[in-house]
Amino acid sequence: MELATRSHVAFDLPLALLLVILGTLSGPSMADHVLYPGDSLSTGQSLQLNNYVLTMQSDCNLVLYDGGRAVWASGSNGRGSSCRVTMQRDGNLVVYDGNGTPVWASGTASATGNYALVLQRDGNLVIYGPAIWATGTNAPGAVAAVGASVPKSAVVTSHGGAIPAATTVRVQGR
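Taken in order, the sequence shown gives residues -31 to -1, 1 to 143; the numbers are from mature numbering (1 follows the signal peptide of the UniProt record, and there is no 0).
The set of hints was computed from the structure by calculation and includes no laboratory data. Quick caveat: nothing in here was measured; it's all calculated off a predicted structure. Note that beta-carbon positions come from the ideal geometry of N, C-alpha and C, so glycine has one too. Keep in mind that a hint or two might mislead.
[Stated by the list, open to error] FRET-style restraints, in silico, Cβ to Cβ:
id, residue 1, residue 2, range
1, Ala42, Asp8, 32 to 42 Å
2, Ala80, Asn19, 29 to 39 Å
3, Asn83, Gly37, 30 to 40 Å
4, Asn20, Ala80, 31 to 41 Å
5, Ser79, Gly44, 29 to 39 Å
6, Gly7, Gly67, 28 to 38 Å
7, Asp1, Ala78, 24 to 34 Å
8, Gly69, Gln26, 28 to 38 Å
9, Gly36, Ala80, 36 to 46 Å
10, Asn19, Thr70, 26 to 36 Å
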């Protein structure tokens, strides 16, 4: 077993092609579950897909909800007001307070590229271009891709048996 310090997500070619097609259209209004490079969500704005909603709250906390239940948060609550979250061109997702001071970041800054934050159908929030960060909030029963890392907090089953969550599990190909 390999101990990972950050999640890795397998590249999804059909999703990447969809992002390219959507990116050639008129911008973020074309997909309400994608944040493109340079786009922001201000206080009260959201990305939504099915029951999943990512909201920039008035307390400066970026929160992902599944049917009204919080499943992930940036932990930046109380760190400012009039906050916004921006998908930067360098692949870093950053929450800024009203003065433009960063109060939380995904820590995924890389070379400038064509990155996008995608709220997926399975409830996972992923930075693609290539995938460099994810919340790990895949819906129960989701199948991990070859090469994917699973957070220690995840419950993993294999052929009906549970795998202890004492260490991060690395999915291997055949």
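Hint check:
Distance hint check: the CB atoms of Ala42 and Asp8 are about 20 Å apart, inconsistent with the given range 32 to 42 Å. Distance hint check for Ala80 and Asn19: the Cβ-Cβ separation is about 33 Å, which falls inside the suggested range of 29 to 39 Å. At about 33 Å, the beta-carbon gap between Asn83 and Gly37 stays in the expected band of 30 to 40 Å. Checked against the hint of 31 to 41 Å, the pair Asn20 and Ala80 passes, with Cβ atoms roughly 35 Å apart.
About 22 Å separates the C-beta atoms of Ser79 and Gly44, a value inconsistent with the hinted range of 29 to 39 Å. Distance hint for Gly7 and Gly67: a CB-CB separation of about 19 Å, inconsistent with the stated range 28 to 38 Å. A hinted range of 24 to 34 Å for the beta carbons of Asp1 and Ala78 is consistent with their spacing of about 26 Å. Hint check: Gly69 to Gln26, Cβ distance near 18 Å, so the stated range 28 to 38 Å is violated.
Under the hint 36 to 46 Å, the C-beta atoms of Gly36 and Ala80, about 37 Å apart, fit the expected range. Our hint of 26 to 36 Å for Asn19 and Thr70 holds, since their Cβ atoms are close to 34 Å apart.
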